[in-house]
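Chains A, B, C and D are the protein sequences, given in the same order.
Using the numbering used here, count along the first sequence one by one with no gaps and you end on 327.
Using the numbering used here, count along the second sequence one by one with no gaps and you end on 327.
Using the numbering used here, count along the third sequence one by one with no gaps and you end on 330.
Using the numbering used here, count along the fourth sequence one by one with no gaps and you end on 330.
It is possible that some hints are incorrect.
Non-contacting residues of chain D with respect to chain B, defined by C-beta distances greater than 10 Å in every case (computed) [unchecked claim]:
1) 7
2) 15
3) 262
4) 296
5) 317
6) 320
Label-pair ranges, simulated between beta-carbon atoms [claimed, not checked]:
7) C/4 with D/6: 27 to 35 Å
8) C/263 with B/219: 41 to 49 Å
9) D/313 with A/178: 24 to 32 Å
10) D/264 with A/189: 36 to 44 Å
11) C/143 with A/43: 24 to 32 Å
List time: in silico DSS-like cross-link candidates among lysine-lysine, alpha-carbon distance up to 27 Å [as the list claims (entries may be wrong)]:
12) C/23 with A/50
13) C/199 with D/141
14) A/245 with B/321
15) D/141 with B/50
16) D/9 with D/20
17) A/322 with B/245
18) B/322 with A/321
19) D/199 with C/141
20) D/37 with D/89
21) C/199 with D/199
22) C/11 with C/23
23) B/322 with A/253
24) C/199 with B/50
25) A/245 with B/322
26) C/15 with C/199
27) D/9 with C/199
28) A/253 with A/199
29) D/6 with D/144
30) B/321 with A/322
31) D/281 with D/15
32) A/50 with C/144
33) C/9 with C/199
34) A/321 with A/253
35) D/199 with A/50
Treat the hints as calculated values from the structure; they're not laboratory data.
Nothing here was measured: the structure is a model prediction, and the numbers come from that model.
C-beta atoms are modelled at their ideal positions from N, C-alpha and C, and glycine is treated no differently.
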Amino acid sequence: MSMGFNTIAGAINQAIAEEMRRDETVVLIGEDVASGIFGVTAGLIEEFGKERICDTPISENAIVGCAVGAAMTGMRPIVEIMFQDFLTCCMDPIVNQAAKMNYMSGGAFSVPMVVRSPGGAGIAAGPQHSQTFASWFMGVPGLKVVSPSTPADAKGLLKSAIRDNNPVIFLENKLLYFEGGELPDGPNITIPLGQADVKREGTDVTVVAVSGMVPRAVRIADELSDEGISIEVIDPRTLYPLDTKTILASVSKTGRLVTAEEGVLTCGLGAEIAALVSEQACDCLDGPIVRVGTPHVSYAYNQAMEWATIPDEQDILVAVKKAMGCE
Amino acid sequence: MSMGFNTIAGAINQAIAEEMRRDETVVLIGEDVASGIFGVTAGLIEEFGKERICDTPISENAIVGCAVGAAMTGMRPIVEIMFQDFLTCCMDPIVNQAAKMNYMSGGAFSVPMVVRSPGGAGIAAGPQHSQTFASWFMGVPGLKVVSPSTPADAKGLLKSAIRDNNPVIFLENKLLYFEGGELPDGPNITIPLGQADVKREGTDVTVVAVSGMVPRAVRIADELSDEGISIEVIDPRTLYPLDTKTILASVSKTGRLVTAEEGVLTCGLGAEIAALVSEQACDCLDGPIVRVGTPHVSYAYNQAMEWATIPDEQDILVAVKKAMGCE
Amino acid sequence: MKQDFKLTKKKLLGKVPALKLLKRMLLIRRLEETLGKLFADSEVKGFVHLSIGQEAVPVGICANLGDDDYITSTHRGHGHLIGKGGDPKRTMAELFGKIEGYCKGRGGSMHVADFELGVLGANGIVGAGTLLAVGSGFSAKYLKNDRVTACFFGDGASNQGMFHEAANLAAVWRLPVIFVCENNGWAEFSPQSSHQAIKNVADRAAAYGMPGVTIDGDDIEAVHAAAADVVDWVRDGRGPVLLECMTHRWQGHYAGDPQPYRDQDELAAVTQHCPIERFKKMLIKRKTINSDEFEAVATEVELEINEAVEFGRQGTDPDPRDFMSYIYAN
Amino acid sequence: MKQDFKLTKKKLLGKVPALKLLKRMLLIRRLEETLGKLFADSEVKGFVHLSIGQEAVPVGICANLGDDDYITSTHRGHGHLIGKGGDPKRTMAELFGKIEGYCKGRGGSMHVADFELGVLGANGIVGAGTLLAVGSGFSAKYLKNDRVTACFFGDGASNQGMFHEAANLAAVWRLPVIFVCENNGWAEFSPQSSHQAIKNVADRAAAYGMPGVTIDGDDIEAVHAAAADVVDWVRDGRGPVLLECMTHRWQGHYAGDPQPYRDQDELAAVTQHCPIERFKKMLIKRKTINSDEFEAVATEVELEINEAVEFGRQGTDPDPRDFMSYIYAN
Ligand SMILES: Cc1ncc(C[n+]2csc(CCOP(=O)(O)OP(=O)(O)O)c2C)c(N)n1
Ligand SMILES: Cc1ncc(C[n+]2csc(CCOP(=O)(O)OP(=O)(O)O)c2C)c(N)n1
Ligand SMILES: [Mg+2]
Ligand SMILES: [Mg+2]
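Using the sequences plus the hints, can you model the full thing?
Laid out in structure tokens, this is it:
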């Protein structure tokens, strides 16, 4: 397999283009997707035209609802919701329609669609343009939830999401869009949903990190390895279904667990993983499970304050030390 | 303090009436609240008229949004969303407006309002009329979340919620509406938000149960006390801010924890409590933390299947045994 | 251009098509009367919304649709399903919560759906069906398969933001969607005057640049004729149309609703509008059919519904522990 | 009854009120030009949406409102705030993220709000402001305090379900709300023709049973006069009105947007509609003012804005660790 190099934005663009070439029932629907906010979908209009790259009115419910109806009748739509914050405007078609359709109809209608949406703080966009809502969707039976942290993962997972017969919520991160990385070539390279990736092997502490927290966790792992502390960084990549096996195996090995997400901690991913481990692997634990994430607050416009809120390397470091009992 | 006897539905009705008598900026807004779905608000129209008991079109966004704007300009609206399932239709005014207004405006505008909504399965209402979304709102900074299990709690907490200067999501349970209980008289009896209640003292296992799971947990506590197992049942009553002190104190005493909620387990209340305890009281734990709740599924119309899905006494019993290590 | 839509004259129907319409309406009527009883007897559970009195709308509309065409529906969806040709047996089985039911007992009354007939499901969320209709309209246009979608919704639903977004999007994209408003003057316990400051929901069409017309929805021939015009227009690629059918809700909002909020005289008068009675009388007067022919159909229907009830009642209960299946598609 | 709303003739304004309007428009213009530069220089961050070219709408409307009246706003909200009498200093301080700012640095451009002036906040969610307007309309009617609410929203926002629900509810409840559509022909990078199949957003008023009119939103006297009529009507308790103001967006959707999607000729022509230039020329031609008087105002504005920038720049940074405050009210 040959390797290229690209950003996550580029990887997503490629995944969409390749799947559109492969399957003509794949279309992209959203507000100004032809222009491409953050440049992610830019240029697709040239190859696929406006029948398949569909700009819409500002009508999030109709955008997602249209995708649900189209998916029920033979299409595989990809929807873009410009900011995760606007998912508040289309929760019904996601939660009560897409997620439940297969179940409610006793399997008569499946809903193969993807909702892509960028989240995360760090660009002074203020309280209504910086949120991350992964855990809401994790708690909705019928949905799958994906959140990649590298170009290769983004591409491979998005392709799987498009091919999946269920609604997949695909959560991107604005700040990660332009981080580069290796990207395998070839239109058929996919990554199965539901498989975690061990981004760094280690033996002392397991750090389960997601999205923007992954590179931060890896940097801390590097830093601490100089101190002789060996950290295993696991990126679940798919948040639902969660690869509990990989996580439990790692914790059995290390006996210590830190979780790291950008979203608000309350009832978040870290809570779910902590509950999982404290139910199923409590015997292996040698210390407290420590969660890193946004405390119970909003993100301020003021950038110093915003950055003081966003969880960072320092927070992971402190958490690792705490998990090791050296507070 | 003299005592009456009433149902939760009756207690809520009383709380609304008393607060409306006390403060004329309190109004009730929702679909068919004058008639009163489940009878909860029935009769209020006679005393308060349609200026204060306001039937609306089927426009959940406008209902909640109207309350937010009214709260910003001197009112204390109570909103009813007929089923928690329909909260999907008004997430934006709750999450991006009500919850963030005080923060976004640097304290200029507060939003004293209550969103009441019944949830829960058990009446063959099918996948779109049976859900419980407590954990979504727990994860939204700026909101308070309340979920009572007795008439006295419902009344005292709703009165506090109405008087609170923040948006409060007040989650009721359809099946509990008609369970009776003692109800103290007197228009000024309130229960502060953020205080758990120990429904049953015990020494062997802590069961943190909420809403419809509280009476079930209490019944299991009774049953097991015959076997010599002493269970402490804690009802947090307010889910955010959570009374972590009471929970941690109980777990320190018992060393064992079971959580019981009706909602889907993934990223739920139980996850949050498990994470809390495994971070802050892991030394005290003598066994796994076991969560009881709805597995990752929807509720079927078929009632046998629906009831097989809803967590019940038997599930709590099994969980207690598991937490005690006797599987 | 878009505004030059006009209804043509009502066509008088011959015996065969007339009896077909009568039969469909009777099927809905008897099915729902039976459901009302089964609900009262606690054999059927949950929320059951009856469309008794409103049968002409789905029957008149769907008579102009092929099996390939789509419909989206509401919480009051039995009539739409049966109107589209749905099977009373599988409907009943669903209402009994059985495996043989349309949703294998998972959905119940508010979710009956038929993949083969393009019935995209009844819906428990008021207004959500309009969103799905945009989707089936989109796929039909994109796949060029010539299918149209009839989207049923109520006067109450027309106040939902979802309806607004759906209508606007269908209009900008000129999708083959017919927005069929069943205006029965009520949204639960609220009369239309309390939920909107307009008389005709069709007046909303202009807000989207689509044609809008209002007809007597209890006159099956009027509905049938208007639907023919609208289906032609829409299938022609001329964009969506809003067709408002004025009709009457005879029963409570849900089975078991005692309707204390309703004026008793108004309520007593609704049966005057009976679409079945009116059509039958007219056909007999016109000598298109005779009353024996009507009775024969009525008897057929009676039998079919009785059979359906037995089919439903005798159906297989799903294994309660099987609650994991169908949450995810393979 | 509700439909008999009519605009009266435009009144010619005398010197004092005319200069006042000019000054407010200039304040907005200079403030935003300055913001554009500060953004380019990275002194101001985040998303900044400029309303340059659209100043006549908020200024003309708000000139008819008292300090007690309410407005709701959009993501493009500086003009509304300043139009209502907002303080350029506190605005600038907010854009610099300082404690002295309208939101103490927490909100930024998209959230500026002024309790004293009834400015219920700019809003980052397109359409959400219309919901809040129903709320302030409700409280005004309930508390009988005679306040009206002007609700600003864009052509793009009129496709949001929230707008539909808000307009319908305001109409059924006859709330004192003016729905002011700033139709600048664009929603981000999408021209109006691609997001709705109608030309005039005012055509949507009929869908709610409220009056709707369209005026030249770049003609401040026209806006001012129409607003006077509308405010009277609404304050009279006759229910909401939709007032559509046709205007032009000179700049990109946000500061820094290079607008590759825009026809360069169209873009070059927008300045012809300059509400400030047009008004100034007219006033001088009519001899209401002379050019010295205009220059004097322009200089005052220049000074005020320079002062505001310095005020903002010199403001106090909030302590970054203080991020817990204001999440909850006491
Ligand atoms: C989003 C949502 N809000 C409220 C309800 C409760 N509800 C069910 S039916 C109904 C009235 C619907 O009125 P209309 O659209 O006129 O249809 P009809 O019942 O008259 O057929 C309401 C309010 C719901 N199911 N979904
Ligand atoms: C719910 C929501 N969807 C999308 C956006 C992104 N967005 C911000 S402004 C805008 C265009 C608004 O157009 P219009 O209402 O005409 O106002 P204008 O920008 O022209 O002033 C969009 C799509 C948003 N902020 N909120
Ligand atoms: Mg109706
Ligand atoms: Mg615009």
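Right, here's what the structure says about each hint:
1. 7: Holds, because the least Cβ-Cβ distance between residue 7 of chain D and chain B comes to about 28 Å, which exceeds 10 Å.
2. 15: holds (36 Å)
3. 262: Label holds. Min Cβ-Cβ 29 Å, cutoff 10 Å.
4. 296: holds (34 Å)
5. 317: Holds: least Cβ distance 14 Å, greater than 10 Å.
6. 320: holds (15 Å)
7. C/4 with D/6: 27 to 35 Å: Hint holds: Cβ distance 29 Å, inside 27 to 35 Å.
8. C/263 with B/219: 41 to 49 Å: holds (47 Å)
9. D/313 with A/178: 24 to 32 Å: holds (30 Å)
10. D/264 with A/189: 36 to 44 Å: About 42 Å separates the Cβ atoms of residue 264 of chain D and residue 189 of chain A, which means 36 to 44 Å holds.
11. C/143 with A/43: 24 to 32 Å: holds (25 Å)
12. C/23 with A/50: This hinted pair is violated, its Cα atoms lying about 45 Å apart.
13. C/199 with D/141: Holds - the C-alpha atoms of residue 141 of chain D and residue 199 of chain C are around 24 Å apart, at most 27 Å.
14. A/245 with B/321: Within the cut-off at roughly 24 Å; holds.
15. D/141 with B/50: holds (13 Å)
16. D/9 with D/20: Roughly 21 Å separates the two Cα atoms, so the pair holds.
17. A/322 with B/245: Measuring from Cα to Cα gives roughly 21 Å; hence the hint holds.
18. B/322 with A/321: violated (31 Å)
19. D/199 with C/141: holds (24 Å)
20. D/37 with D/89: The given pair, whose Cα atoms are some 17 Å apart, holds under the 27 Å limit.
21. C/199 with D/199: holds (24 Å)
22. C/11 with C/23: Answer holds: residue 11 of chain C to residue 23 of chain C is near 19 Å, not above 27 Å.
23. B/322 with A/253: holds (24 Å)
24. C/199 with B/50: holds (22 Å)
25. A/245 with B/322: Holds - the C-alpha atoms of residue 322 of chain B and residue 245 of chain A are around 21 Å apart, at most 27 Å.
26. C/15 with C/199: Cα-Cα ~36 Å, so violated.
27. D/9 with C/199: violated (32 Å)
28. A/253 with A/199: Measuring from Cα to Cα gives roughly 16 Å; hence the hint holds.
29. D/6 with D/144: Answer holds: residue 6 of chain D to residue 144 of chain D is near 26 Å, not above 27 Å.
30. B/321 with A/322: Violated, at about 31 Å.
31. D/281 with D/15: holds (13 Å)
32. A/50 with C/144: holds (15 Å)
33. C/9 with C/199: holds (24 Å)
34. A/321 with A/253: holds (18 Å)
35. D/199 with A/50: holds (22 Å)
Hint compliance for this structure: hints 12, 18, 26, 27 and 30 are not met, and every other hint is.
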